[in-house]
Structures are given as structure tokens and as C-alpha cells.
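Sequences are here, hints too, so could you generate the full structure?
Using numbering that gives the first Met the number 0, read the sequence shown as starting at 0 and increasing by one per residue.
Careful: at least some of the hints might be erroneous.
[What the hints assert, rightly or not] Below 16 Å or equal to it, Euclidean Cα-Cα: the simulated EDC-like pairs (lysine to aspartate or glutamate) are: (1) Lys151 with Asp162; (2) Lys319 with Asp133; (3) Lys116 with Glu333; (4) Lys116 with Glu328; (5) Lys116 with Asp81; (6) Lys102 with Asp66; (7) Lys69 with Glu333; (8) Lys282 with Glu333.
To be clear, the hints were calculated from the coordinates, so they are not data collected in a lab.
These numbers come from a predicted model, not from an experiment.
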Amino acid sequence: MKAKHESMKNHVPNGLLTLAVAALFLTSIAPLVSAGWDCRKPITINNSGDALSDYQVLVTLNSSNFDYSKANPAGSDLRFTDYNNSVSYYYWIETWNITGTSKIWVNVFSVPSVDSKMYMWYNNPSASSESDGDVTFVFFDDFEGTSLDTSKWNVVTNRGILDLVDGYLRLYRPANMAQEIVSVPSFSGCTIIEYRQKILQSNYYYSSVYYGTSPDISSIGYSLYPAYESALYTGSYKAPLRSGSEPSTGGDIITDPPVNEWFKEKFIVLPGHISRVLNDGGKETSTRYAGVSSGKIGLCASSAFSYAMEHHTDWIFVRKYTDTEPKIEVSATEDDVTGMVDPVPKLPIPTYIRDTDTDDDGVPDVWDMDNSTPTEYWTDRQGVGRMWGDMNGDGKLTSVDALMILQAAAEAINL
Numbered sequence: 000m001k002a003k004h005e006s007m008k009n010h011v012p013n014g015l016l017t018l019a020v021a022a023l024f025l026t027s028i029a030p031l032v033s034a035g036w037d038c039r040k041p042i043t044i045n046n047s048g049d050a051l052s053d054y055q056v057l058v059t060l061n062s063s064n065f066d067y068s069k070a071n072p073a074g075s076d077l078r079f080t081d082y083n084n085s086v087s088y089y090y091w092i093e094t095w096n097i098t099g100t101s102k103i104w105v106n107v108f109s110v111p112s113v114d115s116k117m118y119m120w121y122n123n124p125s126a127s128s129e130s131d132g133d134v135t136f137v138f139f140d141d142f143e144g145t146s147l148d149t150s151k152w153n154v155v156t157n158r159g160i161l162d163l164v165d166g167y168l169r170l171y172r173p174a175n176m177a178q179e180i181v182s183v184p185s186f187s188g189c190t191i192i193e194y195r196q197k198i199l200q201s202n203y204y205y206s207s208v209y210y211g212t213s214p215d216i217s218s219i220g221y222s223l224y225p226a227y228e229s230a231l232y233t234g235s236y237k238a239p240l241r242s243g244s245e246p247s248t249g250g251d252i253i254t255d256p257p258v259n260e261w262f263k264e265k266f267i268v269l270p271g272h273i274s275r276v277l278n279d280g281g282k283e284t285s286t287r288y289a290g291v292s293s294g295k296i297g298l299c300a301s302s303a304f305s306y307a308m309e310h311h312t313d314w315i316f317v318r319k320y321t322d323t324e325p326k327i328e329v330s331a332t333e334d335d336v337t338g339m340v341d342p343v344p345k346l347p348i349p350t351y352i353r354d355t356d357t358d359d360d361g362v363p364d365v366w367d368m369d370n371s372t373p374t375e376y377w378t379d380r381q382g383v384g385r386m387w388g389d390m391n392g393d394g395k396l397t398s399v400d401a402l403m404i405l406q407a408a409a410e411a412i413n414l
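Next comes the structure, spelled out in C-alpha cells:
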């Protein structure tokens, strides 16, 4: 995250930066966060591969390595920091189960190519949750709210019902109808797409999740329809041919997902091959198809000629890939830090840079992680176009924006 703050020093307008500095001296600055975390636990990151940046690691808790009675009921007091307690990491709680296994994804800003450590903090009854998938992953949607987030998705086809119900995306299509949504941002490189879905019919026709841009698309398709198969595929279609148009031709067959129960899928797209991991089980790899290297992600589906079809998506995210993933070890011991002078540091303000709006839709199109493009915009994680320094998106540069960037600006110029 330091690199992003350093870039702020070069790109924040001088007047706004001056306003921010003035605000520093004109207001009384409170501590970053109140003390109150009474327990912390060291977590070891075993990395035998290359050094990584902004990499998402999975922390797994259970009764053997964590005392749930010392955390808030939904894990709202969890925090993660580096081992020096100088930087807080973004995180997202995938599952929280006080009688079983909990899974938390943590965006570690820098993972060296040797073993390293971080801290997990907890036991603070007054803490509110900072679980946030939007800043943890490359792309994320948990479909909260009342309507599809149009800063994340475009609706390509909707010949049915597309809505958000109880925190999941429902795609319902009458007989012989189709639906498709595609991500607003594009992605590049090796990619892991993870999601949680439910299929409602045992004679399910087909649906797929894909990555790419026609005519080069990698997809994982599901079909429980007679004579059709679930499969992995790369080609010009947005679903394997086995799953929706020509049975027993295009696509390498994979195990069908369950019916009428939630399942978790990991879709891995690499230049050499594509693969899947269903419900954290064994990996199934395509033998004939290599993965694409760029494009958008999408969800598409179709119903049979005589049957309505429906499936749900609870959440979906895109995360980084590395050949050798770090192994995470949660210590069985914990530190009692009651009354510790140094509090848990506050999370940094998430600011990102994108390049110019090449298709004139009002949204800068491509991530610019190295600050190389000549025209830059500070944006939110999904890249909603804003003017320089307009942190709250009201189209104006005001003292509110100055206060929002104060922490990052102060760090960048070493105040």
C-alpha cells in the first residue's frame, strides 16, 4: 500500500494537498483507533515461491487454533496487521462458524520470498466489522442491496428475472430464454475466480462462468440435462459446447455440482491449462484447453425449450494467482495484550489509479498500477470515474475531500 501512498504525493493537486496539511494543524487529531484489543495471535506465512504484493491469503480458524469465546459473535473485532503493527491489512470473512471452521481472506501488501509473520487481533467487544471484499480482492461482489451494482456489471441479456434476494443474485429464466451479465472492468494475466452458487433443477439445462473476450473465452459450464455434460472449455463460445448446444463435442468433462444446495467453485485460468476445484476437493484439469490471458468475467445461462430454469450466486471474487501459494499457519498460542500502548493501526484509505476513458462511457477502463499513463483519475475500487482528489464523488473539491486523503497524504510526505 505504501506505493499507492507515494503516488499520491505526486498526483494530489497542490491546493488540495495544502488544504489537507492545513487541516492537520487546525484540527485536533485523534488516535488512529481506540485501544481495546485484548488478544492477538501470530500467523506465519510460509512462502517458498516468488515475493508477492497485494496478495490474498486464506486464514483458517477452528477450535484447535482459536478460542471463539474471546471474539465477537460474527468476528466483527478481527483485525490483521503486519508483524511490526504498523500497517493494517484489508480482509473479508468468507465464513464464520463458532462451532467449526471459519475462513478469512487477508490482503497482505507485501509477502517476501521467505517465511514471514503477521498478527491477528481480537477480543474487543466495542469494535465494528471492517470485513470488506471490495478492497480485499481484485474484483468482488456479494450482491447485497436491492439491485445489481451497475459500477461492477453490465446486463447483456435478461429474458427472465434478474434480481437480488436475501443477499444473493437470482437468475430465473422461463422456457427457451437466456440471461447474461458481464463485468464492467477488464482483467489480465493468470486469474482465479471463486464463487458460491446453487442450481435449483435436477434437469438443469446450462449456465456458465467465463473469462475473456470473444473469440477467446475460457469457461466452466454446468449442465444436468440428459445427454449434456458439465465441462471446461476455451474457444469462441461463452459456455462449453457440451453444456448447451452440441453434446459430447467441445469441452473436457468435469464432475457435476450438487442440486439444490450451495456449492463453492474455484475456476483457475492459466496460459497452459484451465482447471476447477469444487467444494475445496480435488483439482480437475482440462487436457485440451489452455486459458486466455485477458478479458472480462461473465455469468450466462439458458433454459431448455420446455422448462424454466433458475440458479443463484451468493458471492464472486477475482484474486491473484501464483504458482506456489503461501501456506498459512495460525499459532495455537495467543498474546494477552490488555492495556497495550500501541493500538491496532487504522486501515489505509483505498485509492487507486486508472487510465483515460477510452470508450467514452464515463469510466476509466484499465488499471494503471505503475502510474504510467499521462491522464489519471483517483477512483474507487470499481473505477467509478472521478475528478482528481474528489474522494466522496460529489464532483467538487472541498475540505471533506481533504480530510479523507489527509492520512494518506501525510504519510506520503512524511509529516
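For each hint, the structure was consulted:
| no. | hint | in the structure |
| --- | --- | --- |
| 1 | Lys151 with Asp162 | holds (15 Å) |
| 2 | Lys319 with Asp133 | holds (14 Å) |
| 3 | Lys116 with Glu333 | holds (14 Å) |
| 4 | Lys116 with Glu328 | holds (9 Å) |
| 5 | Lys116 with Asp81 | holds (7 Å) |
| 6 | Lys102 with Asp66 | holds (15 Å) |
| 7 | Lys69 with Glu333 | holds (11 Å) |
| 8 | Lys282 with Glu333 | violated (34 Å) |
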